[in-house]
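Place chains B and C on chain A using the hints.
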Amino acid sequence: MQINPSGIWNDVDIIRKKSPLVHNITNYVVMNNTANALLALGASPVMAHAEPEVADMVGIAGALVINIGTLSDAWIKAMFIAAARAKELNIPIVLDPVGVGATSYRTRTARELIHTAPPTIIRGNGSEIMALCDRDVATKGVDSTSTSDLAIDSAMILSRELGAVVCVTGETDYIVSGESQVSVKNGHPMMPRVTGLGCTATALCGAFASVNSDPFPATAHAMAVMGIAGEMAAETAKGPASLQVNFIDALYQLCETDIQAFFKA
Amino acid sequence: MQINPSGIWNDVDIIRKKSPLVHNITNYVVMNNTANALLALGASPVMAHAEPEVADMVGIAGALVINIGTLSDAWIKAMFIAAARAKELNIPIVLDPVGVGATSYRTRTARELIHTAPPTIIRGNGSEIMALCDRDVATKGVDSTSTSDLAIDSAMILSRELGAVVCVTGETDYIVSGESQVSVKNGHPMMPRVTGLGCTATALCGAFASVNSDPFPATAHAMAVMGIAGEMAAETAKGPASLQVNFIDALYQLCETDIQAFFKA
Amino acid sequence: MQINPSGIWNDVDIIRKKSPLVHNITNYVVMNNTANALLALGASPVMAHAEPEVADMVGIAGALVINIGTLSDAWIKAMFIAAARAKELNIPIVLDPVGVGATSYRTRTARELIHTAPPTIIRGNGSEIMALCDRDVATKGVDSTSTSDLAIDSAMILSRELGAVVCVTGETDYIVSGESQVSVKNGHPMMPRVTGLGCTATALCGAFASVNSDPFPATAHAMAVMGIAGEMAAETAKGPASLQVNFIDALYQLCETDIQAFFKA
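Residue numbers (this note's numbering), protein chains in the order written: chain A, 1 to 265; chain B, 1 to 265; chain C, 1 to 265.
Next comes chain A alone, as it looks inside the complex (with noise of 0.2 Å):
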């Protein structure tokens, strides 16, 4: 497969015109830029938790993310209550395994819910996919200490154990699919520094896996258009809040020609 500006725009422009509804289980932290991030892309985000109603939610949206980076017990039950009902509806689910490899608790739970409901998609940094994976790997709370490079092997056994695309961000993004691989070069060193732009990408990926029905260009397209737009905001960034505000606003602007001019696969 092979990544360009006209498929990345395509994706772009059928998400502004659908705005479809993007359902997140996600963590308290970043609820608020995720949320702000989908709508400047042109997609429609809801947060829903509750058990009695995250099924129905599900219902009516067109992709499901999940990310692990505040869980609880009570969170963890809706969470497989969610995944199920988009099993059972063929609606794409996005798994954020966040600080997967710090606590056991969310190792554990990240190992369930993959294998209860294969994710159509999986986005972490080096260290949580090589702990997903069930690699030797130090981990320090949310944060990587992992190359993504080094977490290839572990995103392709993942991948091929699930049948799922699995994303490695970092310095470059890589994008699994079974044997096949696409990298994006895209992003500026700044971008660890905002809290949160790891969850932002992988709620981006529900909004391109809800119009694109190949899961494997639709993340490479998400990780495309992070890295460009994170490109854009930091060329006139402060630092890492003007950057974060910045980034929203080049999420909005972003056209065709920002695409052309900035890609780097």
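Hints may be right or wrong, so weigh each one.
[As the list claims (entries may be wrong)] Here are some, though not all, of the chain B residues that point toward chain C, as calculated from beta-carbon distances under 8 Å:
id : residue
1  : Leu39
2  : Ile60
3  : Ser104
4  : Asp134
5  : Val245
6  : Ile248
[Claimed, not checked] Below, a list of computed lysine-lysine pairs in the BS3-like style, where the Cα atoms sit at most 25 Å apart:
id : chain 1 : residue 1 : chain 2 : residue 2
7  : B       : Lys17     : C       : Lys17
8  : B       : Lys238    : A       : Lys17
9  : A       : Lys18     : B       : Lys238
10 : C       : Lys238    : B       : Lys18
11 : B       : Lys17     : A       : Lys238
12 : C       : Lys17     : A       : Lys238
13 : B       : Lys238    : C       : Lys18
14 : C       : Lys18     : A       : Lys238
15 : A       : Lys77     : C       : Lys18
16 : A       : Lys77     : B       : Lys77
17 : C       : Lys77     : A       : Lys238
18 : C       : Lys77     : B       : Lys77
These aren't lab readings, by the way, just hints derived from the structure by calculation.
For every residue, glycine included, the Cβ atom is placed at its ideal position computed from N, Cα and C.
Positioned in the frame of chain A, the structure of chains B and C alone reads:
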């Protein structure tokens, strides 16, 4: 009733002088933004949702704002306790029925709330007000699929039934009290692309209702201030994130001449 | 003890080099801002509150920050588990008694916390420190009704009783350790109009305490950095939202000459 700049300014001026405590039981996505909007305007926000403390917190507040955006059973219990206490103490209650119609859980909760402890003010988008009134309406998550004018009938029915002021926001905001109705035409088309500006409008109703004993003009004044600050913010915004930043700054800077220059009824 | 720019800079420099993990059990309103402040400074934040994982997370952290801003029973249990584990491992604990005095639930919780697992550092506004010490104090939600100097006596009593550093923030910040006391006069009057900058100050204490084994200068250095970044931010801020953005950017850009130029004891 007529809404005019000097009436709007009078309320803003009292909020700044008295700094009323506004108790919010609201959703995770918007807490930070609504707290900042209340602080920028001059009010004093507090977020508290635990069953053991909500009644105490209501007891020292000037208004109670209930927003069901990310509700769960424990939070619903707290909402009922807080609303009952507010009724006892004659403290104004403002309800934001976020996403009513999207799931039966939200619809049921909101209807129980309005019938158990009728709010002083209800603010929602067109879809939400119609769904709350049991009208046929297509819903999609938390974003409206109806324009505000289609919901005026529903607002009038709810207002008469509950004795509440009902506010439907959209391109034009309609504020209904029994047979009376006023409209506010301020605002900017980019505002719905910022998550939680509707929730912020609801929170501001709490601030205005805490200083103006008549909730009808209080609600209209809050909507005017929202729309005016949004228009001021849009003048230099490059997208939804800089709009949000400028909006909070505009609430802080807002002076009587701004209201005179921008107000559109 | 004397606070000076080179001592402040030394701590900042170590934080940037070591990127210590700071485990926060904090409130929903400020999570995003405090995570971003810690990242901008150079630390690595993690938010985790589930009973089954907090002890594990404390075990890999350099400091534990407990903030009771939006507490509930489940979170209180996690706070006690995490604090007990931090005591066992000799990891510094920083407590922010948000809104103590506003409800008996908060007051009782904070007092139980400080007596069960005495924190290394307590940071609050004047009202909170006085209420925590059982002094007569009028409270209003989470904003202070007392100036910081009125609370110095309470800070000294708490410090002696608990063996903790107690920090009262306000126009002047007072840092008390037993009979010793230092003050920091940096900051800007617009800072209290941004929600959660007090909570951010507390989170920064965690970062400084994780690299400086003496919590007395660590706390003073954290307050100096808060105030200096606030003054730098205010230079071009148009209101509280641009102040918040500039503040995070200033934490990221902060260099030794800024500290030399701005520090006021």
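Hints and how they fare:
{"no.": "1", "hint": "Leu39", "verdict": "5 Å, holds"}
{"no.": "2", "hint": "Ile60", "verdict": "7 Å, holds"}
{"no.": "3", "hint": "Ser104", "verdict": "26 Å, violated"}
{"no.": "4", "hint": "Asp134", "verdict": "32 Å, violated"}
{"no.": "5", "hint": "Val245", "verdict": "4 Å, holds"}
{"no.": "6", "hint": "Ile248", "verdict": "3 Å, holds"}
{"no.": "7", "hint": "B:Lys17 - C:Lys17", "verdict": "46 Å, violated"}
{"no.": "8", "hint": "B:Lys238 - A:Lys17", "verdict": "21 Å, holds"}
{"no.": "9", "hint": "A:Lys18 - B:Lys238", "verdict": "23 Å, holds"}
{"no.": "10", "hint": "C:Lys238 - B:Lys18", "verdict": "23 Å, holds"}
{"no.": "11", "hint": "B:Lys17 - A:Lys238", "verdict": "35 Å, violated"}
{"no.": "12", "hint": "C:Lys17 - A:Lys238", "verdict": "21 Å, holds"}
{"no.": "13", "hint": "B:Lys238 - C:Lys18", "verdict": "37 Å, violated"}
{"no.": "14", "hint": "C:Lys18 - A:Lys238", "verdict": "23 Å, holds"}
{"no.": "15", "hint": "A:Lys77 - C:Lys18", "verdict": "37 Å, violated"}
{"no.": "16", "hint": "A:Lys77 - B:Lys77", "verdict": "20 Å, holds"}
{"no.": "17", "hint": "C:Lys77 - A:Lys238", "verdict": "40 Å, violated"}
{"no.": "18", "hint": "C:Lys77 - B:Lys77", "verdict": "20 Å, holds"}
Hint check: violations occur at hints 3, 4, 7, 11, 13, 15, 17; the rest are consistent with the structure.
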